[in-house]
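A.B. asks: Chain residues, written in single-letter form:
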Amino acid sequence: MSEVKMNTKETQKDPNPILEVNDLYVSYGAVEVIHGISLHVNKGELVSICGVNGAGKSTILKSIAGVLKPKSGTIRFKQKDVTGRKPEQLHKIGMALVPEGREIFPTLTVGENLRIGAYGRYKPKTFAADLEDIFELFPILKERYDQAGGLLSGGEQQMLAIARGLISRPDLLMMDEPSLGLSPTRVDQIFELILALKGRGITILLVEQNAKRALEIADRAYLFSNGRVEYAGCPKDMESSIDIAAVYLGANKGGNGV
Amino acid sequence: MNGKILIEFFINVFSMGSLYALIALGLVFVFGICQLINFAYGEFITVSAYILYFVGTFTNLPWPIVFLIAILVGVAVGYISELVAFRPFRGRSLDALLVTSFAISVILQNMFQIGISPRSKPVPVPAVLAQNVNLFGVTTPLRNIVMIITTIVLLVVLTLIMKYTPLGIAMRGASENFVTARLMGVPANQVISVAFIICGFLAGVVAIFWSCRTGSVEPMMGGTPLNIGFIAVVIGGMYSLPGAVAGGYVYAFISNTLSLVLPTTLLSYRDAIMFIIVITFLLLRPEGLIRGSYQEERVG
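Line order of the protein sequences matches chains A and B. Read in order, the letters of the first sequence are residues 1 to 258 in the working numbering. Read in order, the letters of the second sequence are residues 1 to 300 in the working numbering.
You may find that some hints are simply not true.
Unchecked claim - The calculated lysine to any residue pairs, modelled on SDA-like cross-linking and capped at a C-alpha distance of 25 Å, are:
hint	chain 1	residue 1	chain 2	residue 2
1	A	LYS43	A	PRO17
2	A	LYS123	B	LYS163
3	A	LYS71	B	LEU94
4	A	LYS13	A	LEU108
5	A	LYS71	B	ARG90
6	A	LYS212	A	GLY181
7	A	LYS123	A	ILE202
8	A	LYS212	A	LYS92
9	A	LYS86	B	ILE145
10	A	LYS92	B	ARG90
11	B	LYS4	B	ALA188
12	A	LYS78	B	ARG90
13	A	LYS86	B	LYS4
14	A	LYS69	B	ILE145
15	A	LYS92	B	ARG87
16	A	LYS71	B	PRO187
17	A	LYS78	A	PHE138
18	A	LYS78	A	GLY36
Think of the hints as simulated: they come from the structure by calculation, not from any bench.
One chain only, chain A, in its complex shape (with noise of 0.2 Å):
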């Protein structure tokens, strides 16, 4: 971490984060891909993670989330060791993501969808308001309640796969990559979608190739370049601390001696 250039200030940690990642190394088979990532999210925070493609966003979400597992280093949630759990054994104790490209259920209809969210966490005497909850958030899917998944929007599809994770009520919600594909009206709807998500208290790992629009939303970013993390801190300062373009075109000024 000593390498990484960052604004000290700005990435105090609580003493007890929400999530800590800690020298996280993960491979996909031989390859490694994430080389000793460590980030942490404090509770009620919206921390960016940005990067170009195959920087590792997306692989460090999914190791999170239980879905590869670490080589080595450790993942803590909730001030407990989590390393090597498995995907439902984490969404139980309070954990969504919600994934790169929507997957959602596409012959399941928009409610199965949403009953399928609340699985690991389904709770019969509150279900019925928070799916009411989500309907505020996202009068469409009431509307699209009984339709198949596959047959909505883009758009739609995105607020789906977003209500989905939300209705599991998480402590921390993960979002890979949520303005892929869309439409710029879509894009600043989920931007200001994500921002009152955070205004409620939500505490959110963002994970975004559209790295002017996750910044400014952030209270702190991560800067990932092939499988480090390039810079952490203030996303204010980032883009003045740090070559942001050199960054993103492989340049890597960063010193990590890639």
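Chain B: place on chain A using the hints.
C.D. replies: Quick look at chain B alone, frame taken from chain A:
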């Protein structure tokens, strides 16, 4: 006379089709969840058929109890084989699972051959099922009618479970996108176990009706229903439960039609002609009758 042949034809199509639909469903439940073609399914059926033979021959238990035991053993075989044989290899590769299913199949066949007998054993069946009944002026064994009714009841029950219970919804979700379902808290082990339990349950039911028709059980008998199920599933669509059911009935329809229209000299080529039709069909519509989530990426 002509009308009678037609009625007879349809009774045959629906009774055979019902059995084929149940066979196909057992395959699709497992395939849908873990993309595995369970080649041991035929032997699940054989195990239950042997239970019918043993319990039916050596005890005086009433028939419903005998049938229940056969089905429960089918369920147990499905559940246990997943637990001890498939689970350790899951997450490795699909090929490993496929080889495992062949291995279970061969091991069970050899167990029957060595432990019981390589020769076929007569399976006692309740006389009432073989009794002829008159339906629309056509005589047919009662078991055909029972088979149709049983299948309809099972299909309705399975449909209700899959449509309205949380577990059913989770299983449909998991069959479309396994990883995402797990991210929503759907436990992988649970849905896969349930898929194998349903597979074993259907194997038990199929064993009862299959034995009623053939009246015997032998170590290698599982091959034929497996083939039928496989073709039915391929016709109907690998990714869809309704597709499997439709495939079963279509298979019965084609095979009965061929029996009806082929001249006696060509009748022994019925299966060959059947396969040509299936291959042609697949060339034209590789996804089967019902598409389901055909284009979904495989997930191991």
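A.B. asks: So if I understand the rule, the pair passes when the alpha-carbon distance is 25 Å or less; does A:LYS92 with B:ARG87 pass?
C.D. replies: Holds, because 22 Å separates the two Cα atoms, which is no more than 25 Å.
A.B. asks: Is the hinted pair A:LYS212 and A:GLY181 satisfied, with a Cα-Cα distance of at most 25 Å?
C.D. replies: 16 Å, holds
A.B. asks: Tell me if the straight-line CA distance from A:LYS43 to A:PRO17 falls inside 25 Å.
C.D. replies: 6 Å, holds
A.B. asks: Can you confirm whether the C-alpha distance between A:LYS78 and A:GLY36 stays at or below 25 Å?
C.D. replies: 21 Å, holds
A.B. asks: Quick one, are A:LYS123 and B:LYS163 close enough, alpha carbons at most 25 Å?
C.D. replies: The hint holds at about 20 Å.
A.B. asks: Regarding the pair A:LYS78 and A:PHE138, is the alpha-carbon distance no greater than 25 Å?
C.D. replies: Distance ~29 Å between A:LYS78 and A:PHE138 Cα, so the pair is violated.
A.B. asks: So if I understand the rule, the pair passes when the alpha-carbon distance is 25 Å or less; does A:LYS71 with B:PRO187 pass?
C.D. replies: Distance ~23 Å between A:LYS71 and B:PRO187 Cα, so the pair holds.
A.B. asks: Would you check the hint for A:LYS78 and B:ARG90, treating anything up to 25 Å between C-alpha atoms as holding?
C.D. replies: At roughly 30 Å apart (the allowed maximum being 25 Å), B:ARG90 and A:LYS78 break the hint.
A.B. asks: Take a quick look at whether A:LYS69 and B:ILE145 sit within 25 Å of each other, Cα to Cα.
C.D. replies: 53 Å, violated
A.B. asks: So if I understand the rule, the pair passes when the alpha-carbon distance is 25 Å or less; does A:LYS86 with B:LYS4 pass?
C.D. replies: The hint is violated at about 60 Å.
A.B. asks: Measure nothing beyond the straight line between the CA atoms of B:LYS4 and B:ALA188; if it is 25 Å or shorter, mark the hint as holding.
C.D. replies: Status violated; Cα separation ~51 Å.
A.B. asks: Is the hinted pair A:LYS71 and B:LEU94 satisfied, with a Cα-Cα distance of at most 25 Å?
C.D. replies: With Cα atoms ~23 Å apart, A:LYS71 and B:LEU94 stay inside 25 Å; holds.
In terms of the numbered hints stated before, the structure departs from hints 4, 8, 9, 11, 12, 13, 14 and 17, listed from lowest to highest.
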